[in-house]
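Keeping the supplied structure of chain A fixed, place chain B upon it in accordance with the hints.
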Amino acid sequence: MTAKPILYHGEPNGPSLTALAAAFEKQVALDLRPIDLAAGDRHAAAMPQDVEVAMSIEGEGPVLLVDGVAMTDSVFLACYFDEIGTGPALRPADPYARWDMMAWCRYVIERVAPAAAFLGTQAHLAPALVAIDDDAFAGLTGAIVSTDLADRWRAVRSGDYPDARIADSRDKIGQAVTRIEAQLGDGRDWLMGPFGIADLESYAWLAGMVALVPSAFEAAPRTRDWLARVKARPSVTRALSLARTAAPQDVWAPGPEINRWG
Amino acid sequence: MTDVALYHWEPNANSGKPMLALMEKGVAFHSHYLDLLEFDQHKPGYLAINPLGTIPAMTHGDKVLTESTAIMEYVDEAFDGPALMPADPVDRWRVRWWMKFMDQWLAPSFSMIGWSVFIGPAVRARDPALLEAAIDRIPMPERRVAWRKAIHGSFGAAEMAESQRRVAHGIILLEAALAEREWLASDGYSLADINGFNLAYALPLSQPGLSNDTLTPNIMRWLRAIYARPATRATWAMGRTDMARRVTILESEPA
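From first to last, the protein sequence lines are chains A and B. With the first sequence counted from 1, adding 26 to any position gets you the working numbering. With the second sequence counted from 1, adding 1 to any position gets you the working numbering.
Everything labelled a hint here was simulated from the structure, so no lab data went into it. Yeah, the Cβ is synthetic: ideal placement off N, Cα and C, and Gly gets one too. Please note that a few of the clues may not be correct.
[Unchecked claim] If we take Cβ atoms under 7 Å as the criterion, some of the chain B residues that face chain A in the derived model are:
no., residue
1, A71
2, K101
3, Q105
4, S112
Bound-form chain A, shown alone:
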């Protein structure tokens, strides 16, 4: 490796939080470069424009630059850090336990993250985008290579939040909490037994949902305790200390799209 990898990251919430905390858990030395994902900074001309950045399923997430290779998608960045870093393993060594974790993360990526981003952007990004003038907004979306990601930005600004989708997204958050509560039912501290990527990824998308969907967490004492435990991890504390705003869990940019098909 010729130089320290560069991590372009947003506020420590959602995918940026997963990537930052995973790197800190694994003691991977990084050149940290904060960018404002909620202002479209990831699409600036100075940023890598590779297909893996432009078409990242995660939407607006962190970008890791390793020897000229631009890498995205926070769970897979965390897997990469797990493979190259020196800290305790973030994935089980046993193939079946590892399958269990990857299938859990896939569930979060596919069902929970889109719902969280939908609700988070409605509450926290839409007002800011409405305040931007038309030309500036056209400049922002014009720089976005992915047509469907640009459409998601436009949907936020125009307030395209159908009631059915809001209800479904709130349900998805509730289902995730139910699943976590059951997973913790045997008294374990962490979702898969040992602490790992599933804890980071689940926490990162749900931390901001406590205020937005409080009913989901009311009857979930084990989940609330687990949220507090994750937040107290030194790696997460350190990631949160990088925040440039008072409440990083309230900073959202367009995320993964809600499933179009099944």
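Frame of chain A; chain B shown alone:
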């Protein structure tokens, strides 16, 4: 005697991914063919194995695994045989990135088109009451919506146009990646290629105006190279329908 069993439909899309991965690793498995068009995947026998009623599922001893891409990673790690993930961590990341891109962005668009032209017409003529009862047995609400759209042909023009746009753009991205590297995600054959072949094996037949020897020579080279592998031949020989037989388009000579 093997303690591996795979519950699958045709060698196509999600079912074909663990089929081909197991074949490449040389792992013997009991094949349980579920006829998607007969709704076998929503019948009690299978729901006892996978309560969500999605295909495929794999059992290994007393372990049950679902989610085709995650199953493939398990197959690669749990069994001897040739490695299907590259050794380099950046390459491994790239394999995962492409699989996710295909699973969540490109494949659903192929699938929407496929369901509208193949699945829907194949079951539409049956007794409406029986079809509705079959749909009611589907555990996942998202899948119930999908089946209703396919059966009633009620895809919206906008969503079909968006799927066609994604297929066209996805073909351009695949061609560019395969112009850069021999295989999709690294210099060696990997799970990304197995995943991609299941998505794209019939491209020159289903999208002849977008993918052919002139427009996408690297996709064609890649598909023919995967089809030439003994594991691929053995996997597609397990197909029972004309859908899987589309793979023979790859026996054509390069133009």
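Agreement of hint K101(B) with chain A interface, Cβ distance less than 7 Å: holds, 5 Å
Interface hint compliance - S112(B) to chain A, C-beta minimum distance less than 7 Å: Hint on S112(B): holds, closest Cβ of chain A at ~6 Å, below 7 Å.
Agreement of hint Q105(B) with chain A interface, Cβ distance less than 7 Å: Because about 5 Å separates Q105(B) from the closest Cβ in chain A, which is inside the 7 Å limit, the hint holds.
Restraint check, 7 Å cut-off on beta carbons, for A71(B) near chain A: holds, 5 Å
Hint compliance for this structure: no hint is broken.
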